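Residue numbers (this note's numbering), protein chains in the order written: chain A, 1 to 482; chain B, 1 to 515.
Hints were generated in silico from the structure; no laboratory data involved. None of these values were measured; they are calculated from a predicted model. By construction, the Cβ of each residue, glycine as well, lies at the ideal position given by its N, Cα and C atoms. Certain hints may be false.
Stated by the list, open to error - Listed below are several chain B residues computed to face chain A (Cβ distance under 7 Å; list not exhaustive):
hint, residue
1, Met72
2, Arg77
3, Phe144
4, Glu147
5, Leu159
6, Ile171
7, Thr175
8, Ile179
9, Ala183
10, Leu186
11, Val190
12, Leu193
13, Gly194
14, Phe197
15, Val198
16, Ala201
What the hints assert, rightly or not - Far from chain B by the CB rule (all over 12 Å, computed), these chain A residues:
hint, residue
17, Val160
18, Gly187
19, Glu399
20, Tyr465
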Amino acid sequence: MTLTATQLLALMPLILVCATAIGVMLAIAWRRHHTGIATFTAVGLNLALLALIGVWFMAPLTTPLLAIDGLALFSAALILIAALACTTLAHAYLVHYDGPREEFYLLLLCATAGGLVLSASTHLATLFFGLELVSMPLYGMLAYIYRERRSLEAGIKYLVLSAAATAFLLFGMALLFAETGHLDFAGLTSALGDDIGVWGLAGAAMMIIGLGFKLSVVPFHMWTPDVYEGGPGPAATFLATASKVAVFTVLLRLVMASPAFQASALHEVLAVLAVLTMLVGNLLALTQSNLKRLLGYSSIAHFGYLLTALVIGDGLSVEATGVYLVTYMLTTLGAFGVVTLISSPYGGSDAAALHHYRGLFWRRPYLTAVLTITMLSMAGIPFTAGFIGKFYIVALGVEAGRWWLVGAVIAGSAIGLFYYLRVMVTLYLAEAGMQRRDAPEDWAVQAGGLMVLVVAVLVIVLGIYPAPMIDGVRLVSAMMVG
Amino acid sequence: MTLLWLILIPFIGGLLCWQAERFGPMPPRWIALGTMLIELLITLGLWFQGEYHLANAGTASEAVRWSMEWRMPWIPRFGIDVHLALDGLSLVLIALTGFLGMLAVLCSWNEIVKRVGFFHLNLLWILGGVVGVFLSIDLFLFFFFWEMMLVPMYFLIALWGHSGSEGRTRIRAATKFFIYTQASGLLMLVSILGLVFVHHANTGEYSFDYATLMQTSLSESTAMWLMLGFFVAFAVKLPVVPVHGWLPDAHAQAPTAGSVDLAGILLKTAAYGMLRFALPLFPEASQAFAPVAMTLGVIGIFYGAILACGQQDMKRLIAYTSIAHMGFVLIGIYAGTELALQGVVVMMVAHAFSAAGLFILSGQLYERLSTRDMRQMGGLWGRLGSLPGFSLCFVAASLGMPGTANFLGEFLILFGSFPVAPGFVAVASFGFVLAAVYSLLLMQRVYFGPAQGEGVFADLDRREYLMMLSLVGLVLLFGLYPQPLLDTTGAAMGEVQRLFGVVSQSTTLLLTGAP
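Given the sequences, and given the hints that come with them, work out the whole structure.
Okay, here's the thing in structure tokens:
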């Protein structure tokens, strides 16, 4: 089967990202120049974003392995934006790093390309390929500051556990293939029919385990805080935003498309996992005194909330997922962005202990405002985008009458408040006169600083006037390939 | 548009205060004072212009009537509008907000010396949120403001509060306050959404509009559950006894301005929510629930009063008396006769004045003695200038002395509730005895008895004197001539009573016959 010109055009964003990656690689071989490479990366990502707009008018469109539909474009936009944000952060972070700096962008671009493939995949082969293409560069990114023991530990931990999860995923795929003889989602759907059989069920369950690991759904969440804590700021940011968005998109696609994942037994399991994820994530976050670990646990909880959308799986759920992913991504970018900026430029392990942030408001009022806004948004307080996301999740649960899930969301939010508030109030307490890490004086005029400011403004604007975001997400969800 | 400005003015004023701090500590104070003055003047202007004692409730057969209304689409996806409306009840409460806002600024004039600009930002944003609560009649918007006003209150307590002996308690108190109110607020969100989706199932349209949702037909059990969601949220804020745990801590640790706002206005948002939303939206369910609510009210009266007697911290004592007073309010609301509802309004206003007065006084005592522990006071009469005299006035008001507005409120509530629930009224009346006990205990412990030390403390300065005098004046004014207040809220309360569906017989004539 050959690709037509239209299909090639539709894949333009992906091609552009890959081309940028190759360009970066060649440029590094020719001459090392940190700012130049970072700029080149940013330009490439921006071009890909622009190309997305063009592709919007061609969609929906399917190639044998990839579907360029609303969902794919939507998550591609999120992934590209997250990658751009990480580029700006990485530039601020690595500027005084004494090892090789430029390769980070190469890894970042590869992972971005993987995310694009993953979120557009309609075939188990591309799913696997995309997932590995996201994960492999991430090992490198997490262990990038390899002289820090924690960074190395994070990379290796992620590598080992991720490999185990991949084994589950592959086994699941094999079982599904054995049962049906198909690897594409549509073929799987039709071959499985209504009664999916034991092997089909086992296959689907194993795939959920594999994907659930990447999303750090509760029994598979152990790696998250360690990896978030150890990995350098920009890498952790990418892991928390782009990679999770991509994996969640593909999971949504699987669950929506295939009856294997709609089976009632599996459904109940998903519901239980969702409740567990919310509660455990929030409860474990309570005692953390390290902001990055805390954010790790809080991201576990957020994906618990998101799982509700999967469990319910009809009505508002695609829309709710879309809105929640947007708000989650913006909020997380803001929070990790601030942590990264405070730890920039690189000089030993990241400043993530809560006491580093004590009294930050009186030194860096605007940076603190950003962190406060993101904390409020994570807690789902009105006037922030997070509230709209939480509103959608609760609305979804109420509409479907899943009171247990609604109850868990409420309990989770109440617990969550406790640690978000703790972080917030720390920022405003009187300074304790201890040793401090601080953002450089001119943080606000650097790309990374601008990025977090823009994110904070967006969080507020979308919180007060969410209509454009909702309309956008509805457009996207109307344009899905079945 | 005026309504939108009423909400925006405090928010804008708050931002100005924050930025004005770079010119020193005084500009934020004056800006905050000016902002609240403008707010109050606009409200009073509306009051003089508008016609609030509209026709009697009986003639209002069409949908709810508002004196002013403003609406703009906001989130069309769910039929959410920015829908603001004003009637007599909201007008009175907004005027109260403006007035107590000024007092809150004035009483922190000397108390707050650190981060003055940021303090006033938070103070004004609370007030802006409260005004938003009083004006919104879109349920989403209402919830929006309801939750939003918690954040600045949290900062107010956590950053400028008084630490107890164990160091970090003000942060604990603030967190407790936040979690209590936020979690219960989420229950209300679930209820709101439940109502909206029932409406959606009936008509195929999303709407968060008050008037539209009022038409929704609900099955009995659904209505009960949804009503409970609203009730819990309001009960936490009021507070009703089993869920009152945050209140004494929050009051004890909050700065004076925070206590004034908390007791004076924030508690009133809960009563307002019951009057505006819980009762009219679910009349049958509320009617069925009334005995439980009234029982809780009676328990609150006695619990608050008895615990007040045992407190050593002056502000905790006043906080517990608030619980007792709000017990009366709860009884009045769920009695649902027009007379009782009118009494609730008078009681809310009166309690706002008397509690604010007492909190400000305890703040002033603290500035002079550096303690709020009553064991270290005593024998202060005659050593503090005119401060003890004012205390006596507010304590008398608090115990419901005839001639003060508090007496009128309690009297109307009990009188109005008697035809509906004579048993509850009979029991609740004994609350007056306890009120006298804790009030006199307060006076006795602080001002009389053996003196703990020698020397005379500073008398009230002009600012403090003015605050106290205006509060005493208002307490007496509404105690002796409450008719303007009753006229203003008469129509709104009549509406609530009509929706609540209690036919109160002869008692209506007493009030609405006058104009």
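Hints, one by one, checked against the model:
1. Met72: Violated, because the Cβ-Cβ distance from B/Met72 to chain A comes to roughly 11 Å (cut-off 7 Å).
2. Arg77: 5 Å, holds
3. Phe144: Holds: closest Cβ of chain A sits about 4 Å from B/Phe144, inside 7 Å.
4. Glu147: B/Glu147 check passes; min Cβ-Cβ to chain A is 5 Å, inside 7 Å.
5. Leu159: 5 Å, holds
6. Ile171: 6 Å, holds
7. Thr175: Status holds, d = 5 Å.
8. Ile179: Where the cut-off is 7 Å and the nearest Cβ of chain A is about 5 Å from B/Ile179, the hint holds.
9. Ala183: It holds, given that the least Cβ distance between B/Ala183 and chain A is near 4 Å, below 7 Å.
10. Leu186: 5 Å, holds
11. Val190: Check passed: Cβ of B/Val190 comes within 6 Å of chain A, closer than 7 Å.
12. Leu193: 4 Å, holds
13. Gly194: Hint holds; B/Gly194 Cβ to chain A Cβ min 5 Å, cut 7 Å.
14. Phe197: At about 5 Å, which falls below the 7 Å cut-off, the nearest Cβ of chain A leaves the hint on B/Phe197 intact, so it holds.
15. Val198: Not OK, violated: B/Val198 not within 7 Å of chain A, min 10 Å.
16. Ala201: Because about 9 Å separates B/Ala201 from the closest Cβ in chain A, which is outside the 7 Å limit, the hint is violated.
17. Val160: Holds: least Cβ distance 38 Å, greater than 12 Å.
18. Gly187: At about 36 Å from chain B, A/Gly187 clears the 12 Å cut-off, so the statement holds.
19. Glu399: 5 Å, violated
20. Tyr465: Since the minimum Cβ distance to chain B is about 8 Å, A/Tyr465 lies within 12 Å and the statement is violated.
Hint check: violations occur at hints 1, 15, 16, 19, 20; the rest are consistent with the structure.
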